[in-house]
Amino acid sequence: MDFDYTDDQKALKDEARRFLADASPISVVRGVLEDPARGHDEELWGRIAEQGWCGAAIPEAYGGHEFGYVELCGLAEELGRSLAPTPFASSIYQFAEAVLAEGSEEQKQELLPAIASGESIGTIAVSEGPGTVSAKRVKTQYANGTLTGTKLPVADGMAAGKAVVLAMGSDGPVLAVTDLAGPGVSRQMVETIDPTRGAATIVFDNAPAQVLGSGGDGIAALARVQDRSAVLMSFEQLGGADRALEMARDYALERYAFGRPIGSYQAIKHKLADVFIRNEVARTSAYYGAWALSTNAPELATAGPAARIAGCNAYWLAAKENIQTHGGIGFTWEADPHLHYRRARHLGLTIGSVKTWKRKLTDRLEAQRAARQAEREAA
Amino acid sequence: MDFDYTDDQKALKDEARRFLADASPISVVRGVLEDPARGHDEELWGRIAEQGWCGAAIPEAYGGHEFGYVELCGLAEELGRSLAPTPFASSIYQFAEAVLAEGSEEQKQELLPAIASGESIGTIAVSEGPGTVSAKRVKTQYANGTLTGTKLPVADGMAAGKAVVLAMGSDGPVLAVTDLAGPGVSRQMVETIDPTRGAATIVFDNAPAQVLGSGGDGIAALARVQDRSAVLMSFEQLGGADRALEMARDYALERYAFGRPIGSYQAIKHKLADVFIRNEVARTSAYYGAWALSTNAPELATAGPAARIAGCNAYWLAAKENIQTHGGIGFTWEADPHLHYRRARHLGLTIGSVKTWKRKLTDRLEAQRAARQAEREAA
Amino acid sequence: MNFDDNPEEATYRARVRAWIAQNKPDLTALPPEQRLVWTEGHKNAMAQWQATKAAGGYACITWPKERGGAGGTLIEDVIFSQEETAAEIHDPYFITGLKMLIPAILQFNSDPKSAERVPPAVRGEEIWCQLFSEPSSGSDSAGIRTLAVKQGDEWVINGQKVWNSGAAHADYGLLITRTDPDQPKHKGLTAFWLKMDTPGLEVRPIKTMGGDSELNEVFLDDVRIPDDQRVGEINGGWSVVLATLMNERAAIGQSNGLTWSDMMDLASSIETDDGTVMDDDSFRDLVADLHVDLEARRLIGFRILTAISRGEQPGPEGSAAKLLWSGGTQTMMSEALDMLDQYGLIQDSNLSPRAGAFQQRFLWSCGLRIGGGTDEIQKNIIAERVLGLPADVRVDKGVPFREIPSGR
Amino acid sequence: MNFDDNPEEATYRARVRAWIAQNKPDLTALPPEQRLVWTEGHKNAMAQWQATKAAGGYACITWPKERGGAGGTLIEDVIFSQEETAAEIHDPYFITGLKMLIPAILQFNSDPKSAERVPPAVRGEEIWCQLFSEPSSGSDSAGIRTLAVKQGDEWVINGQKVWNSGAAHADYGLLITRTDPDQPKHKGLTAFWLKMDTPGLEVRPIKTMGGDSELNEVFLDDVRIPDDQRVGEINGGWSVVLATLMNERAAIGQSNGLTWSDMMDLASSIETDDGTVMDDDSFRDLVADLHVDLEARRLIGFRILTAISRGEQPGPEGSAAKLLWSGGTQTMMSEALDMLDQYGLIQDSNLSPRAGAFQQRFLWSCGLRIGGGTDEIQKNIIAERVLGLPADVRVDKGVPFREIPSGR
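Protein chains in written order, with our numbering: chain A, 1 to 379; chain B, 1 to 379; chain C, 1 to 408; chain D, 1 to 408.
Errors might be hidden in some of the hints.
Stretch-level coverage of chain B by chain C, calculated; a stretch enters the list once three of its residues show a Cβ under 8 Å from a Cβ in chain C [stated by the list, open to error]: (1) 253–266; (2) 349–360.
Away from chain B, derived, C-beta distances all over 10 Å, residues of chain A [to be verified]: (3) D4; (4) A101; (5) Q188; (6) E375; (7) A378.
Simulated from the structure, these hints should not be mistaken for lab results.
Predicted model, so just to flag it, every value in this text is computed and none were measured.
Idealized CB from N, CA, C, for every residue including glycine.
So that you can see chain A by itself, here it is in the shape it has in the complex (with noise of 0.2 Å):
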């Protein structure tokens, strides 16, 4: 039994806060906020690539370096509370685990280098309209090795050079890798509710692109990469709400109201005490959700989806209260509130909504419910 980060892995962390009060203050995250031309900041991704965060989980045989998940969820962490306007949630969590996870061994060796140097951006592009994604519904094609079709909102799809693109083959629905910056590949930034995170309308038309690994149902492929995409992105809203939470804190200890702090009221008390509960929760899924991906237990297929829902809905919670506990003026736009709020958000859709993610937990509780039941009759 241990359930924290070691203390190696709590040392990491304590450096990469560090480094990121350093590299990535508030004045670089408003700075992204402020341009619309922008959806991150590059010179804080070259030095993040350069700390080598971007290979903390890709095996040293594809050119990372290998710390370990544990330590890629401490930085993510680390990178949720900062804010820091990067494209590292699309490029590692998510594009990095597709390939890691589904991709061939060519695929693996082509691929990821470049990633986990930092040099190249990835994406995942699945969004088309409103609504859940579901395989019914998928409209972008796949056919002779060719990719039509608009996918939106991509998160950092004016970014990344690369991408993975679920799109229906002609027996059913596939994840693809195309190339960003090739042919047949028109984009435009869209705009969101968080400018310091870039999105991208992505229009295929006959864009190269090559199905990852052997193929096979690209939608349950999709559900495996974003389980532990879900375990990952926790770790970033877990960050993000302790941010959040801290700052009500520290603004109810420093503005009086009727003689004394507001923080010695219990209706700012309780209401950051309701926060807290949030966060533990959410702090404990994300624990448990990590030890399941780093030790690839079966356990992910449902504290995947846990670890989720405990992030969404308590960096969303931290996020609003916090602005509420600085009143006026944390509904101002100089103030910094209003980016964890969007943040939060951000978070909370980019995968799929916590709504999309609920069913998923209990569809497979269900599931499990059965195969117990199947088994117990077996016997």
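Position chains B, C and D relative to chain A; hints supplied.
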């Protein structure tokens, strides 16, 4: 625009409150609670009947006093407030409304005078087992003028002399009225979460019965009746919720912790403010329902369910937070808060759960929306 | 219980409905971006509308005729507002002055100079704003620090105001200052009215998190105001504040914005494998909950109206209605984004459903929970004024203002 | 992050699992109604089990051997408890004495008379109960009014205690009294241990709203206790209270009761027109929410365990876990009743699903939110001890106890 009781209605309510303070003090409620063999207080029932309340909304032609529906709503509010252990709800909001709304002229003549005088008690027997009642799953049969099947729980099923029973006829579900003291009927008390409101299992074995009114779709008829019951019941819920809030408020004023009344702490103040808001939603929704009921407005189709939902939610919140505000004392048998906790859930389940009513409300909102669209397209 | 107009009300309603239809401003003449509130084009159109109302006898309906009003009843005023809303006329410019500030000034001042300000306001020629809140006095609304010092017949004023809605468009303001810091908090305040172009006064727009700039900061640097612009007694400013707040409560807020039926429309437009989101049981539960709460909010308005039409002072139901509205809107918008799933993060008037209204209100709803009394203050009001629970322990009670701890 | 036992832990677990399987009490010998906790039959079986553990070297695992313990580690103690729970052994009788009260007594007293009480408790021969709470000191746990007055070598005690779990079954109690009402609240308290059959002491069971009587009132009427049964210093009783509370926090609660999977079982048993309630989207959302919260509660236990196994003092995660549990249970039971619809109001062990367990816990869940520190107190603990927010204004701070306002 006049969205409140009139002065006359207020005077009637005040009088009812004084009457119940005398006729139904908490000792009378506890008398029924402590004796498992009783389901209501017979002396109290007699005194209520003497007041003419049973006939408040029954036309004079059928032996009623025809005070009006808003007046009956006011009485319901006071009955709910006092926790009066009587079969009033079953007999008046349900049985009488069923006969009034769906019965033939002959049946009204025959059945209502004894109900209006309080001589006879009626009820409705709908549920047969776990889950929401539906046309597909009614098992009690109506054939050749007799009923066969089992109903449980039937509110006030031991006290009632007559019942309207949902049963499956040859052409689908019907409502049939039967004499519970007659042949082919056996019944047994069933314990519930609220011993101050009796209930029974009733077994029909070829019990003579007649279809209510001209027959027709029994599920649709039941729905029309229940929209009316829902409004009346929501006033009982409102009265109970208001009383539970008052109890909590009074205790918060007299109980001290750390040298001051617990009602001076925001944890308690804001909790009770939340209860107040729910009670205001219930009050407003109930008033709107009373208007729709008293004017036979088509708005009853949504106002009835809305009053029901708001009433269920308000009483449940008020009842549980009343216990919480009382702390340890509130958890004891000797203290009164648990009486409201029990009653809140009794009222919240007895004509169908809040979930069942939410579905009903949305179904109707959707139908209205479709009708408006069809109208627009026709135009 | 009666939801219908009585015969006189119905006659009045029919009359004003026809009049509004005939006289209402034509915004289609404006370029689309100038049809939004807090733009010059919209402001000018509304000023013209106010003048039309004044000429037609529909400005300040409850005021006596000699003051430029119509000598009408409060219920007539409410009916007129309802019909304006139905005709999609939204005017945030004149309501503050005419409903809240000028009535309060006239309650305390009867001098000709104060009275002179009334007719141009009624005719839509002068806009008023409130200069009450300060950086360190939000929920603690008596914690005013802007200092006014008497010099001869003038007052010299230094300090800062904030959250001043429409101050950048306003011609006049009602200002609360501290004139005696040695008195306890509520006892050393004094009110003034002043021109917004008085030397030393500077308005700076505040950009909110949603990107708009309705709100402002106002800086006062040696602003000099003659004593005859004082409102009420020296150190009697708290009474002026309370009078404006009473007027505010009687001014029933216009209902607007997205509601449960918009959620049904959105859900019906989002496909799932089995139909649309409208077929999802869990969404259906949500619709029922939203319907109940938001209809209750609307109906609470009718209960307030009932009290008014009976000549009673409306109670604190308004606080309950505000809480249902602010919390309900934030939850609803968040659910809308979730329904859209990944697509919900797009905020683009060409791509997003309803031109991005759900995303815009998702941001804006934060302010709803704060402006006009935070959620927490509303609950205090309910607990103390309705339920009669004791006020929280007040460490600043009876303490000279300058000695009250104030943090940073 | 590792959920597995380390090799030593795994070895220990295997050993105790085998031992428990071989030695566990056989409740099936009892009549069914005597298998429930707080019955004589169950109590005697558990006393026998405690004796078996003591003989086998598994009683008080963390205590030194000379005190009757096993000289083991806290993690071994936890593993043993987990295995007891897995074997469905629930013992509420000895845990209070052995985990909380006796360790606190021994921390303050080293006299032979106090020490004599240890061996029989370890062997399951004597049950202890806590005599702390009073009618007017619940959340305000230092507000003790039971008065102890010294007369020669004895103390004469008068007052009333309440919410004393198991007092009707207990042989000994640890009692907190007020010995100096002129001191501020926390400074005039003194602790004693006493036999529950001391003359003047009367135990009266309290019937809870659910109908059971685990809790009691204890009346003290001129109860005389020799000074050598005093625990700690005169007026030093608050330190004794704090010591027991620290012990309580380290004693990890056993997990039990209905959870999300029971809700799935129930839902699957309730038919609808389209299948069962399990197919309802809205119920599916609820399952996900319950799973996340209740699994988190379980996992928080592992985090506490991790801290313990690292030799750290567990933090206030316990308060978060308790709030998830208490609120979650009440919500869950209410949802269960709603699922059953009208049938949900039946409370009959023959008719209701799971013999009425949902209805029984529906009532019982109210107590969960109150006992062991109310929801409100838990949130205060989180706000103050974790987040570092200031304590609320304390009007009783430094005030002599007899002058503190106390209402009725």
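Here is how each hint holds up against the structure:
Given a C-beta distance limit of less than 8 Å, the hint that chain C covers the region 253–266 of chain B holds, as 7 residues qualify and 3 suffice. With 4 residues carrying a beta carbon less than 8 Å from a beta carbon of chain C, the region 349–360 of chain B meets the three-residue requirement, and the given coverage holds. Every beta carbon of chain B lies more than 10 Å from that of D4/A, the smallest distance being close to 32 Å; the non-interface claim holds. Listed as outside the interface, A101/A is consistent with that label: its C-beta sits roughly 40 Å from the nearest C-beta of chain B, beyond the 10 Å cut-off.
With a least CB separation of 35 Å from chain B, Q188/A remains clear of the 10 Å interface cut-off, as annotated. With a cut of 10 Å on Cβ distances, E375/A stays outside the contact zone with chain B, its closest approach being about 27 Å. Non-interface call for A378/A relative to chain B: holds, since the shortest CB-CB distance, roughly 29 Å, exceeds 10 Å.
Of the numbered hints listed earlier, not one is contradicted by the structure.
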